[in-house]
Amino acid sequence: MRDRIKIIVNPVSGRGRALRLAESVTELLRRQGCTVDLQLTQKGGDARKFASESAGFSALAATGGDGTVNEVLNGLPADGAPALAMLPSGTANVFAKELRLPRGAQGLARILRDGREISWDLGVDRIGGRKFLLFASAGYDAHVVHIFHAARKGPIQMWQYVYWGLKSILHFEVPRITVEIDGARVTTEAAWVTISNVPSYGGPLVFTPRARPDNKTFEVMIQHARKPRDVVRMFWAAILGWMGIPYAMHDVTFHTARRVRVTSSDGRPVPLQMDGDPAGVLPTDLEVVPGGIRVLAP
Numbered sequence: 107m108r109d110r111i112k113i114i115v116n117p118v119s120g121r122g123r124a125l126r127l128a129e130s131v132t133e134l135l136r137r138q139g140c141t142v143d144l145q146l147t148q149k150g151g152d153a154r155k156f157a158s159e160s161a162g163f164s165a166l167a168a169t170g171g172d173g174t175v176n177e178v179l180n181g182l183p184a185d186g187a188p189a190l191a192m193l194p195s196g197t198a199n200v201f202a203k204e205l206r207l208p209r210g211a212q213g214l215a216r217i218l219r220d221g222r223e224i225s226w227d228l229g230v231d232r233i234g235g236r237k238f239l240l241f242a243s244a245g246y247d248a249h250v251v252h253i254f255h256a257a258r259k260g261p262i263q264m265w266q267y268v269y270w271g272l273k274s275i276l277h278f279e280v281p282r283i284t285v286e287i288d289g290a291r292v293t294t295e296a297a298w299v300t301i302s303n304v305p306s307y308g309g310p311l312v313f314t315p316r317a318r319p320d321n322k323t324f325e326v327m328i329q330h331a332r333k334p335r336d337v338v339r340m341f342w343a344a345i346l347g348w349m350g351i352p353y354a355m356h357d358v359t360f361h362t363a364r365r366v367r368v369t370s371s372d373g374r375p376v377p378l379q380m381d382g383d384p385a386g387v388l389p390t391d392l393e394v395v396p397g398g399i400r401v402l403a404p
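107 is the number of the first residue of the sequence shown in this note's numbering; add one for each residue after it.
Worth flagging that the hints you see were computed from the coordinates, not collected in a lab. Careful, some of the hints might be misleading.
[Said to hold, decoys possible] Here are the computed lysine-lysine pairs in the BS3-like style, where the Cα-Cα straight-line distance is at most 25 Å:
| id | residue 1 | residue 2 |
| --- | --- | --- |
| 1 | 155 | 237 |
| 2 | 203 | 322 |
| 3 | 322 | 237 |
| 4 | 237 | 203 |
| 5 | 149 | 237 |
[To be verified] Across the chosen pairs, the derived CB separations fall in these ranges:
| id | residue 1 | residue 2 | range |
| --- | --- | --- | --- |
| 6 | 291 | 122 | 41 to 51 Å |
| 7 | 354 | 148 | 45 to 55 Å |
| 8 | 133 | 370 | 45 to 55 Å |
| 9 | 159 | 335 | 43 to 53 Å |
| 10 | 334 | 133 | 46 to 56 Å |
| 11 | 335 | 161 | 43 to 53 Å |
| 12 | 158 | 291 | 30 to 40 Å |
| 13 | 360 | 183 | 27 to 37 Å |
| 14 | 139 | 332 | 52 to 62 Å |
Glycine is no exception: its CB is placed at the ideal position from the N, C-alpha and C atoms.
Please build the complete structure, drawing on both the sequences and the hints.
Right, here's the structure in full:
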């Protein structure tokens, strides 16, 4: 039984659902004799700061979406870090779906108190030091993530990603990306690159069907075709993948990797995203750390 738990909540996530959920879980745990430190973020960077002060706790729960979990992940102390958990109340909640987390307060409180710990492979950018649990990418989706987050006001809803995607596709300037996998150059002409720990993406999309968070490798998807219609085809293939229907694309290749270096081939800035949030621009040098994080699961 875990008896000292920290919960970090983004109170605007899910239009207030995150705060209500965190308060309900906190109350349940305190009734069961647990010591719970509930901390509310007010600005970007707060979740990371609060997480850095979590040494000695037996569990640390991020309440919100995948972006909140990523910020907490990147704040964990190097020594004495607690097991990481999620109280899902964001938009995509990919991490929660992969773990098959319940949505109710009672089930989530049970996981924090008595859930099993599992090892999860960690992605680390050896250039900037940022970590990710789910995926990183450069290409069309990262472009949409950047422009949407620059324009967003308040909580995120899934339809907003669709809106900004459709709005930007005709004017999207397809990048030229160089990809090196485990020290070997694969291409200098990639249009879209996704490096994944999990098969799921946000919504009903599967770009990397063979990715797993416990197999000590990434799955890398590389799209080579360069026209707007090829972006549409890629999303169509991802929807079919989510439905379990195979759809071969001659312009897409898949690779297994322990380390992936991704750079702009022509020097133009190419946006990078990690776990659905902006993560600067290329270059990035991503390495998998097998079992690099302990997470709580049902």
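Comparing the hints with the structure gives:
Proposed proximity of residue 155 and residue 237 is supported: the alpha carbons are some 15 Å apart, at most 25 Å. For the suggested pair residue 203 and residue 322, the alpha carbons sit about 20 Å apart, so the restraint of at most 25 Å is met. Restraint check for residue 322 and residue 237: satisfied, since their Cα atoms lie roughly 15 Å apart, inside the 25 Å limit. Simply put, residue 237 and residue 203 have alpha-carbon atoms about 20 Å apart, close enough for the 25 Å limit, and the pair holds.
Straight-line distance between C-alpha atoms of residue 149 and residue 237 comes to about 20 Å, which keeps the hinted pair within the 25 Å bound. Distance hint check: the CB atoms of residue 291 and residue 122 are about 49 Å apart, consistent with the given range 41 to 51 Å. For the hinted restraint 45 to 55 Å between residue 354 and residue 148, the CB-CB distance of approximately 48 Å keeps it satisfied. The hint said 45 to 55 Å for the Cβ distance between residue 133 and residue 370, and at roughly 50 Å that hint holds.
In this structure, residue 159 and residue 335 meet the distance hint of 43 to 53 Å, their C-beta atoms being roughly 49 Å apart. In this structure the hint that residue 334 and residue 133 lie 46 to 56 Å apart at CB holds, the actual value being about 50 Å. Remark: the range hint 43 to 53 Å for residue 335 to residue 161 is upheld by a beta-carbon distance near 51 Å. As the Cβ distance of residue 158 to residue 291 is approximately 37 Å, the hint placing it in 30 to 40 Å holds.
Between residue 360 and residue 183 the beta carbon distance is about 36 Å. The supplied range of 27 to 37 Å therefore holds. Residue 139 and residue 332 have their C-beta atoms about 60 Å apart, which keeps the hinted 52 to 62 Å range intact.
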